[in-house]
Amino acid sequence: MSPTTVDPAEIAKFEAMAAEWWDVGGKFKPLHMMNPVRLDYICAQIAAEFGRDLTAPRPFEGLRLLDIGCGGGLLSEPMARLGATVVGADAAEGNIPVARLHAEQSGLTIDYRHTTAEALAEAGEAFDVVLAMEIVEHVADPQGFTTTCHDLLKPGGLMVMSTLNRTAKSFLAAIIGAEWVMRWLPKGTHDWQKFITPEELYGLIRTAGLDPVDRKGFVFNPVSWQWSVSERDLAVNYVTASVRR
Amino acid sequence: MDHDVILIGGGLNGPGLGLALARAGLSVAVIDAQPARARAEAAFDGRAYALAIASKRLLTAIGVWPALAAEAQPMLKVVASDGRPGEGASPLRLTFDSAEIEEGPAGFMVEDRHLYAAFLDAMQRTPGLTHIPGTTVTGHEPGPAGVTVSLSDERQLSARMIAACDGRASPTAARAGIRRVGHAYGQTALVAAIAHERPHNGEAHQFFMPAGPLAILPLTGNRSSIVWSEREESARAIAALDDEGFLDLLRPRFGTFLGEISLAGPRFSYPLTLTLAERYVAPRLALVGDAAHGVHPIAGQGLNLGLRDVAALAEVLVNAHRRGEDIGAEDVLERYQSWRRFDATTLALGMDAVNGIFSNDNSLLRTGRDMGLGLVNRIAPLRRAFMRQAAGLTGQTAKLLAGQSL
Numbered sequence: 001m002s003p004t005t006v007d008p009a010e011i012a013k014f015e016a017m018a019a020e021w022w023d024v025g026g027k028f029k030p031l032h033m034m035n036p037v038r039l040d041y042i043c044a045q046i047a048a049e050f051g052r053d054l055t056a057p058r059p060f061e062g063l064r065l066l067d068i069g070c071g072g073g074l075l076s077e078p079m080a081r082l083g084a085t086v087v088g089a090d091a092a093e094g095n096i097p098v099a100r101l102h103a104e105q106s107g108l109t110i111d112y113r114h115t116t117a118e119a120l121a122e123a124g125e126a127f128d129v130v131l132a133m134e135i136v137e138h139v140a141d142p143q144g145f146t147t148t149c150h151d152l153l154k155p156g157g158l159m160v161m162s163t164l165n166r167t168a169k170s171f172l173a174a175i176i177g178a179e180w181v182m183r184w185l186p187k188g189t190h191d192w193q194k195f196i197t198p199e200e201l202y203g204l205i206r207t208a209g210l211d212p213v214d215r216k217g218f219v220f221n222p223v224s225w226q227w228s229v230s231e232r233d234l235a236v237n238y239v240t241a242s243v244r245r
Numbered sequence: 001m002d003h004d005v006i007l008i009g010g011g012l013n014g015p016g017l018g019l020a021l022a023r024a025g026l027s028v029a030v031i032d033a034q035p036a037r038a039r040a041e042a043a044f045d046g047r048a049y050a051l052a053i054a055s056k057r058l059l060t061a062i063g064v065w066p067a068l069a070a071e072a073q074p075m076l077k078v079v080a081s082d083g084r085p086g087e088g089a090s091p092l093r094l095t096f097d098s099a100e101i102e103e104g105p106a107g108f109m110v111e112d113r114h115l116y117a118a119f120l121d122a123m124q125r126t127p128g129l130t131h132i133p134g135t136t137v138t139g140h141e142p143g144p145a146g147v148t149v150s151l152s153d154e155r156q157l158s159a160r161m162i163a164a165c166d167g168r169a170s171p172t173a174a175r176a177g178i179r180r181v182g183h184a185y186g187q188t189a190l191v192a193a194i195a196h197e198r199p200h201n202g203e204a205h206q207f208f209m210p211a212g213p214l215a216i217l218p219l220t221g222n223r224s225s226i227v228w229s230e231r232e233e234s235a236r237a238i239a240a241l242d243d244e245g246f247l248d249l250l251r252p253r254f255g256t257f258l259g260e261i262s263l264a265g266p267r268f269s270y271p272l273t274l275t276l277a278e279r280y281v282a283p284r285l286a287l288v289g290d291a292a293h294g295v296h297p298i299a300g301q302g303l304n305l306g307l308r309d310v311a312a313l314a315e316v317l318v319n320a321h322r323r324g325e326d327i328g329a330e331d332v333l334e335r336y337q338s339w340r341r342f343d344a345t346t347l348a349l350g351m352d353a354v355n356g357i358f359s360n361d362n363s364l365l366r367t368g369r370d371m372g373l374g375l376v377n378r379i380a381p382l383r384r385a386f387m388r389q390a391a392g393l394t395g396q397t398a399k400l401l402a403g404q405s406l
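From first to last, the protein sequence lines are chains A and B.
Going by my numbering, the final residue of the first sequence carries number 245, and the count climbs one at a time with no gaps.
Going by my numbering, the final residue of the second sequence carries number 406, and the count climbs one at a time with no gaps.
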C-alpha cells in the first residue's frame, strides 16, 4: 500500500466490531438509526447534481460511486440498489468479507476492496460520486484525505462528506451522551479533539479544489427518538456536498 | 424476486395497500382468497362502512374515490345520545354537526359491494399490481434477503416482504408465531339495512342503550344501515326471529323519526370481540388492519383504523425503497410498528372503555354519562377535538391520509 492518511489505531478499533455491522440492535445501532437521513441527503444531492428522478426505478444507473470507509456496506448496498456501480473501500480488512457476504445474501453486486482512498487515487480510479461519511474525523491528515477525495472525482463529480462539529454540544452529545451514558458507541470511538468545525471543513474542501454547494445538520431528537435533517443546527453531526468543477 | 411486496388478503386493506405501493412504483401481488367478481357483482348484502374524512382522502390519493363518489352517502351530522327503549333519547345529547369543523362532512357511508368494485377496477387498471384471486397462502419462509410464499395452487412466489391483511384470525400472523390477546364482549352486533319512509338528511345516530349501542347510519336513498349491539343471549334470540318479529323489537329502539321502517336486505350477526396482536411485525412480515387489531365496531373504526395502517406502512416502505434500503429489513418494519402500535392500541382500548361505560344500566353511571355528554356538548373546543379524533384527523398524519400521493 502507498503512503496513507489512515491512522492504524483507528482501524484496529473498527476491525473488532466488523461482524456486528448488520445487527440493527447491536453496536452499530446509532448508524442504523441515522442511516435513513444520511441516505435521504445523499440521494437528494446526487439527484440534484446529475438530474435524476428519485421516483424512477434505479435512478442512479450509470453513475460510478465510491464509498470510502464502507464498513459493512450500510451505504454501499442502498446505492447499489438504486442502480449505481459501487466500489466500497475500507482500510480495515475484517470489514470486507462481512460486507461481501451480506451483499451476496442481498443479491447485490458491489466491488468491495481492502484498500485506501490514496491507493485508489494512485491507481487512477475516477468516480462520479465519492462518499466520505463520518471518516474525516478519524484520519491522520484531514487535508491530505480531502485532496485525495478531489483527485478521485471526475470533473463535475460530487463529494458528500459528513463529520462531527467541535462544539461543547458535540462533546456532550457524541462523547458523554453516545459513549458514556447511552453506551451506543464503545468509549474512545471518537476523539473530540479531531472533530472539525464547518468553517475548517469548508477550508479543507476549498484548498482541495472543490466547490462547496450545500451543508446541513443531522439532528437527533431524544423525544421522538429520530434523526432529522436541519437547515440550521450544525452543532453536532453535519454533512456537506461539494463539486469538482 | 417476483415482487417487492406480497399482500396476503384481498378484502379492503390488501387492495388498498397494493394500490398505494404500485402507484409509487413498487411491484406488488395481492393474494385474494375470493373469486374476483363474486363480491363486486353481489346484490347488497347489508355490509357498509362509515369512512372517516382521512380515509376518503386516502381513497382519493390511490385513485379509488372517483368511481365511488356517486355511491357514497355523506354523513352531515352525527348525533350521539343516551336512551332506553320506549323512553326515546335523553335530552342531554351530544350533537356533532359537520358545519362546526372546516373539513366538510363528518364522513361517508359506502356499501361493501361498491367499495370492493372500485378497488377491483383500480387494481385492474394499475400497472405493477398483480391480482391473484381465488387463491390462498399456505405458508411463508423468511430468508436473509426476502421471503418465499407458498400458494394453494402449488406455486411459490418470492418478495422482499409480505403484509398480512388477512383479518382478525390472521393465519399469517399465527404462522409467524405472533400471539394475540383479547376478549369477547359478550355482545353481538346485529347488522341490517333498513328502508324508511322519510329522508335521513345525511344524519347518523348513535343511541347508547343499556344492552349496547344502536347506530343508525345513512345510506343512499331512503335507507340506513343499522349496527345494533345486544347481549349475546338476547342477540341469539333476536337473530332467530323472523323479519317481522325483528322489526317489532327494533321499532321502539329505532324510534319514529324516520317514519315507517322495513328491511332492505338480509340480516347478519357478528359476535363482538377485541383482538390485539402482541407485535405488528416479524421477520419480513407486517400486520395490517384487523390482523393487527380487531376492534369493537362501535364507531365504524375498524376499516378507518386499517386504512391508517395502510397509509403508514405504504409511506414507510416507499420512503425506504426510494432511498435504496432493504424494505423488509427489521429496522424498516420497526418504523411502521412504532408509528402505528400506540395509536391503534389506544383507540382499541378507548373504544373498549366507551362501550363499557355506556353498556350499563347502573343509574349512577347513567347520570354521570348524561352529564358528561351534556358537558362535552357545551364545550365547543372539546367537542371539535372529539370530532376530529373520530374523523381520524389527529396524530402524526401520513401523507395518504392528507390526500397526497407518495
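I should point out that these hints are in silico values taken from the structure, not numbers from a laboratory.
Note that the structure is predicted; figures quoted are calculated from it, not measured.
Be a bit skeptical, because a hint or two may be false.
Said to hold, decoys possible - With beta-carbon atoms standing in for the labels, derived distance ranges:
no., chain 1, residue 1, chain 2, residue 2, range
1, A, A44, B, P199, 49 to 57 angstroms
2, A, G107, B, S338, 22 to 30 angstroms
3, A, R245, B, P283, 46 to 54 angstroms
Glycine included, each C-beta is placed from N, C-alpha and C at the ideal position.
Results of checking the hints against the structure:
1. A:A44 to B:P199: 49 to 57 angstroms: Holds: the Cβ-Cβ distance is about 54 angstroms, inside 49 to 57 angstroms.
2. A:G107 to B:S338: 22 to 30 angstroms: holds (28 angstroms)
3. A:R245 to B:P283: 46 to 54 angstroms: Given about 47 angstroms between the Cβ atoms, the range holds.
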